[in-house]
Amino acid sequence: MRVRFAPSPTGQLHIGGARTALYNWLAARHAGGRFILRIEDTDRERSTPENIAHILEALRWLELDWDEAIVHQTDNEERHRQVLERLLDEGRAYRTTATGDDVKAWKAEHGAGRGYRGTPMADGAVRLHVPDEGATVVHDLIRGDAVFQHEHLDDPVIARADGSPLFNLAVAIDDHDAEITHVVRGEDHISNTPKQLLVLEALGAPKPVYAHLPLLHGPDGRKLSKRHGAASVQDLRDAGYLPEAVRNYLALLGWGDADDETLIPTDELVKRFDLGRVSKNPARFDEQKLRWMNGRYLRGLGTEELTRRIEAFTGRERLGPAVAISEEKIQTLADFWPLAGFLYDGPSDDPKAREKWLAQTGHAALTDARLALAELTDWSHAGIEAALGAVVEARAAKPRDVYQPLRVAVAGTTVSPGIFETLSVLGREETLRRIDAALAAAPASA
RNA sequence: GCCGCCAUCGUCUAGGGGACUAGGACGCCGCCCUCUCACGGCGGAAACCGGGGUUCGAAUCCCCGUGGCGGUACCA
Numbered sequence: 142m143r144v145r146f147a148p149s150p151t152g153q154l155h156i157g158g159a160r161t162a163l164y165n166w167l168a169a170r171h172a173g174g175r176f177i178l179r180i181e182d183t184d185r186e187r188s189t190p191e192n193i194a195h196i197l198e199a200l201r202w203l204e205l206d207w208d209e210a211i212v213h214q215t216d217n218e219e220r221h222r223q224v225l226e227r228l229l230d231e232g233r234a235y236r237t238t239a240t241g242d243d244v245k246a247w248k249a250e251h252g253a254g255r256g257y258r259g260t261p262m263a264d265g266a267v268r269l270h271v272p273d274e275g276a277t278v279v280h281d282l283i284r285g286d287a288v289f290q291h292e293h294l295d296d297p298v299i300a301r302a303d304g305s306p307l308f309n310l311a312v313a314i315d316d317h318d319a320e321i322t323h324v325v326r327g328e329d330h331i332s333n334t335p336k337q338l339l340v341l342e343a344l345g346a347p348k349p350v351y352a353h354l355p356l357l358h359g360p361d362g363r364k365l366s367k368r369h370g371a372a373s374v375q376d377l378r379d380a381g382y383l384p385e386a387v388r389n390y391l392a393l394l395g396w397g398d399a400d401d402e403t404l405i406p407t408d409e410l411v412k413r414f415d416l417g418r419v420s421k422n423p424a425r426f427d428e429q430k431l432r433w434m435n436g437r438y439l440r441g442l443g444t445e446e447l448t449r450r451i452e453a454f455t456g457r458e459r460l461g462p463a464v465a466i467s468e469e470k471i472q473t474l475a476d477f478w479p480l481a482g483f484l485y486d487g488p489s490d491d492p493k494a495r496e497k498w499l500a501q502t503g504h505a506a507l508t509d510a511r512l513a514l515a516e517l518t519d520w521s522h523a524g525i526e527a528a529l530g531a532v533v534e535a536r537a538a539k540p541r542d543v544y545q546p547l548r549v550a551v552a553g554t555t556v557s558p559g560i561f562e563t564l565s566v567l568g569r570e571e572t573l574r575r576i577d578a579a580l581a582a583a584p585a586s587a
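Numbering (our numbering), first residue to last: 142 to 587.
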């Protein structure tokens, strides 16, 4: 099996494109085949080196490795032109200056469902002759056979008037030259397929098997865009998702096997993946499920590895202790700093929290807690818990009435890792300093 | 308009004529755990687009309708 992922570098790698790449990669790895990367840069207006770099970066981040030298479609232009000449010489293609309006006019005369047939001219764009009789059948692993009656098909334009090859010509030739056996791509290409098949046929080339993937939509069923939050692989990375979680989630967006498992590590995905089991209906990208899944992967990493990832993500160092006490509370790498950053950068400022928890009884409870902590000799999770437990008991208070003021004093907010863990990581000195600052800022009389 | 693809809980899906009182996962709701937020555990609500066939029997097969999507470029 030889498959290819052939993005056109007109922007960042979108999530839909990432899934297409993943399915190609999974199919190749599953079969022990080859995964080839081809950049379709024949659209010179929109294809830029920056965009190519973005795509490669995204694929590397996803850890989808390709097996052969990257093919740039523009590098094959000579070959495309040669084939074009041959097609023209053999009378399988012709030139015509007919414009879109001409085609429309032609159809008004011959019927809307009738495929356009032009008259050969001395110059103009090149169109491929489509026979009037018969049909081209697309054999699709996912959908079965799709039949395209030739009478409905327009003679497709395969090159510009200047002889530069167009998409449907270039793709067919490149797939053939690269000996691609399975073309796995988005469903939006399904109606291009008969055109490419016709080119292949004119060339006398063998035909690959196709697998047209259902499209990916946003949560509202519309085209996925930045409006929905993450739309590109870069967005996903910046949002703190793990590549292994993204692979797992994307694999399940449009594919599932009989086992019904949800958490499937990549090596297992490779073992189970089957193009024939890809779903036919379009899927919506639902970030909630990705978040959940990412949390599971994140917690499965182990504290040490998770710390490395969070340090790389935040650009901060020595986060180990904070990561250890935050692990079970975060879903993404990006969740960490808002939750535990106060340990390093000082309490955040939440006036509402201070108002609610540091006035009157809160102030008194905090004062008692400070006393107990100041004399505590065993500054450990257990020691802190025992000391504060005694304060709760002595005040005949609810635990939260002692712990929340403390939390607000050291973290500045009402949400943080466990209070005993937090204090033990913070250390006695820093803890007392923060309590004093909180006490001073919110006098008991206030 | 024309050509084509698709149609199971809100979402992703399992289901390939009887095993379906339609299963799982996310999300949602409730309970438990609990110092906050989470994590975890337990339980619950929630779907076969409509109509015709075929068949002893249809979520599963066929047809029609409806709806959604894609294509319809001298873009890819």
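Be careful, since some hints might not be right.
[As the list claims (entries may be wrong)] Dumping the calculated BS3-like pairs for lysine-lysine here, alpha-carbon to alpha-carbon at most 30 Å:
| hint | residue 1 | residue 2 |
| --- | --- | --- |
| 1 | Lys430 | Lys470 |
| 2 | Lys493 | Lys470 |
| 3 | Lys412 | Lys430 |
[As the list claims (entries may be wrong)] Derived Cβ-Cβ restraints for the label pairs, each shown as a range:
| hint | residue 1 | residue 2 | range |
| --- | --- | --- | --- |
| 4 | Met262 | Trp202 | 46 to 54 Å |
| 5 | Ala453 | Glu231 | 55 to 63 Å |
| 6 | Arg457 | Ala287 | 50 to 58 Å |
| 7 | Asp242 | Asp400 | 50 to 58 Å |
| 8 | Gly241 | Glu209 | 37 to 45 Å |
| 9 | Ala453 | Gly152 | 23 to 31 Å |
| 10 | Ala453 | Gly568 | 55 to 63 Å |
| 11 | Thr189 | Ala253 | 51 to 59 Å |
| 12 | Gly327 | Gly568 | 50 to 58 Å |
| 13 | Thr502 | Gly568 | 20 to 28 Å |
I should point out that these hints are in silico values taken from the structure, not numbers from a laboratory. Cβ coordinates follow ideal geometry from the N, Cα and C atoms, glycine included.
Tested hints:
no.	hint	in the structure
1	Lys430 with Lys470	holds, 16 Å
2	Lys493 with Lys470	holds, 23 Å
3	Lys412 with Lys430	holds, 23 Å
4	Met262 with Trp202: 46 to 54 Å	holds, 49 Å
5	Ala453 with Glu231: 55 to 63 Å	holds, 57 Å
6	Arg457 with Ala287: 50 to 58 Å	holds, 54 Å
7	Asp242 with Asp400: 50 to 58 Å	holds, 55 Å
8	Gly241 with Glu209: 37 to 45 Å	holds, 38 Å
9	Ala453 with Gly152: 23 to 31 Å	holds, 26 Å
10	Ala453 with Gly568: 55 to 63 Å	violated, 26 Å
11	Thr189 with Ala253: 51 to 59 Å	violated, 39 Å
12	Gly327 with Gly568: 50 to 58 Å	holds, 55 Å
13	Thr502 with Gly568: 20 to 28 Å	holds, 27 Å
The structure does not agree with the numbered hints 10, 11 stated previously, though it agrees with the rest.
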